[in-house]
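*Asks:* Sequence:
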Amino acid sequence: MLTASTVSSTAVQDLLSQCKTFGHIKQLHAHILRTVSGHRRNTFLFNLSSSSSSINLNYSLSLFKSIPSPPEPFLFNLLLRNLSRSDEPRATILFYQRIRHAGGRLDQFKEAFKLFEEMKCSNVMPDEMILCNIVSACARSGNTRYNSPIYEFLKENDVRMDAHLLTALVTMYAGAGCMDIARQFYMKMSVRSLFVSTAMVSGFAKARRLDDARDIFDRMEKKDLVCWTTMISAYAESDHPEEALRVFDEMRRYGTEPDEIAMGSVVSACASLGVLEKATWVHEYTHRNGFESSLTVNNALINMYAKCGSLDAARGVFEEMPTKNVVSWSSMINAFSMHGEANDALALFARMKQENVEPNDVTFVGVLYGCSHSGLVEEGNKIFASMTDEYNITPKLEHYGCMVDLFGRANRLPEALEVIESMPMAPNVFIWGSLMSACRVHGELELGEFAAKRVLELEPDHDGALVLMSNIYAREERWDDVRKVRRGMEEKNVFKEKGVSRIDLNGESHEFLIGDKRHKQSDEISAKLKEVVSELKLAGCIPDYGSVLVDV
DNA sequence: GTAGGGTTAG
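The first sequence: position 416 = 416 (UniProt numbering), numbered continuously.
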């Protein structure tokens, strides 16, 4: 590669632009050391460091370190630009921190960032393009803790906010869920791209602010498939499946046809709708439109059929799939678990193993969920242990939740409590809530009160915990306490959320609420229910009225 | 130079 014996600046620049491999870099490095000295050597080394940062970051940094005198700000910028384009957003962010402070977390980049200290002395100001890259690198890192220092830096230095920088800022804040700040920047923009508007819609959707999301969406002059999909999945995930399907219809009226991602969201909307007729309709739709082999769509269909009550149809989709991935297996396992078929779930888990499909953490949630709902305590316990022993998967909060449920449902409450105490993370409302429900079902008032109090610490208006507390006090005839809890609930407008059950028969929807006589066959249904309950009693089952809120 | 969506669980 190297032929010139005398090295001019342009020759080195030429050679630099030819550096495509690590070997080239090392060759050129050696050449510069042999043939150039003084200030020019420093400049060449710096250029080499910059252009090698995309090939070998560590080497680039050690090159940088070897430069004896601090380079000019321009050169710092060059390196920073290359760094910020690399796939390692953390490098940029830590680098950025180095510019401002000596502190900050140093791990694998520790060595590299020692030298960035020098930048503080060299009075460097990253240019706008680089700042834009830094902000976007920060967004990609997904760590919100860098947001405000970067913004403060922009403010302190009175950086001009152009469309690029604003887009990057909106994306960063929207991605971090800071929607009010994101909106401030969004409003400053005179021209708003599809990208930045979609980022806003998506951010509001994730923050469960659907009206704000819809507002941005409705004001968009142009809409493409991605932003339609964002709006559809926003409704689907926020339990507004009807609205999701309405937006889907509107999209097609506009002449936009779905791809498999959009289709997956639509299927998912039908899953939360829970209506089998709609499910079969969407299934046929996917076939008519060429999605019959789509992994994503088929995975969503398995889940949809399971949630619409048709385990057979779910199994049908699963078995027919030309290719399956871990999501397909997990979805089918969960489908069995959901329907109380833990043995089928376990059998499928075993088959998955035979076919050498590696389970992931979600797979285990499905398996454990099945075990807990079918009372397979020992089996579930073994599987939980195998996560760490065999599969090298660290149990998450959800898995501990399943274990609390597993022991709790089986009336093995001390062990359920042990699980909570052994957790490496702080238990959340669902964990304590699970223990609380188990205590309620099994009449363990003392532990139940303890669990309910933990729930209320985390969520003071938790309806279930307040009702349980009031019922526990009522049982102990502590009427003052009962009144206190009840009055508190009234003042804060907390009501036990009423569970509605719905069944769709022949295209007609039938809804039932507690104490509800609206249905035209209400009397017949009640009579049949009584009959079933008395048969259950004969078979040894005792109905549980413990959770019914008694009006005091 | 910037930059947007999805399927399993919870």
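No lab work stands behind these hints: they were computed from the structure.
Check the hints yourself; a few may be wrong.
Claimed, not checked - Quick list of simulated restraints, FRET-style, between CB atoms:
{"#": "1", "residue 1": "Met187", "residue 2": "Glu152", "range": "13 to 23 Å"}
{"#": "2", "residue 1": "Asp389", "residue 2": "Arg475", "range": "35 to 45 Å"}
{"#": "3", "residue 1": "Pro414", "residue 2": "Ile393", "range": "20 to 30 Å"}
{"#": "4", "residue 1": "Glu378", "residue 2": "Pro424", "range": "19 to 29 Å"}
{"#": "5", "residue 1": "Lys492", "residue 2": "Pro414", "range": "32 to 42 Å"}
Backbone N, C-alpha and C define an ideal beta-carbon position, used for all residues, glycine too.
*Asks:* Now, for every hint given, state plainly whether the structure supports it.
*Replies:* Hint check results:
no.	hint	result
1	Met187 x Glu152: 13 to 23 Å	holds, 20 Å
2	Asp389 x Arg475: 35 to 45 Å	holds, 43 Å
3	Pro414 x Ile393: 20 to 30 Å	holds, 26 Å
4	Glu378 x Pro424: 19 to 29 Å	holds, 24 Å
5	Lys492 x Pro414: 32 to 42 Å	holds, 34 Å
Hint compliance for this structure: every hint is met.
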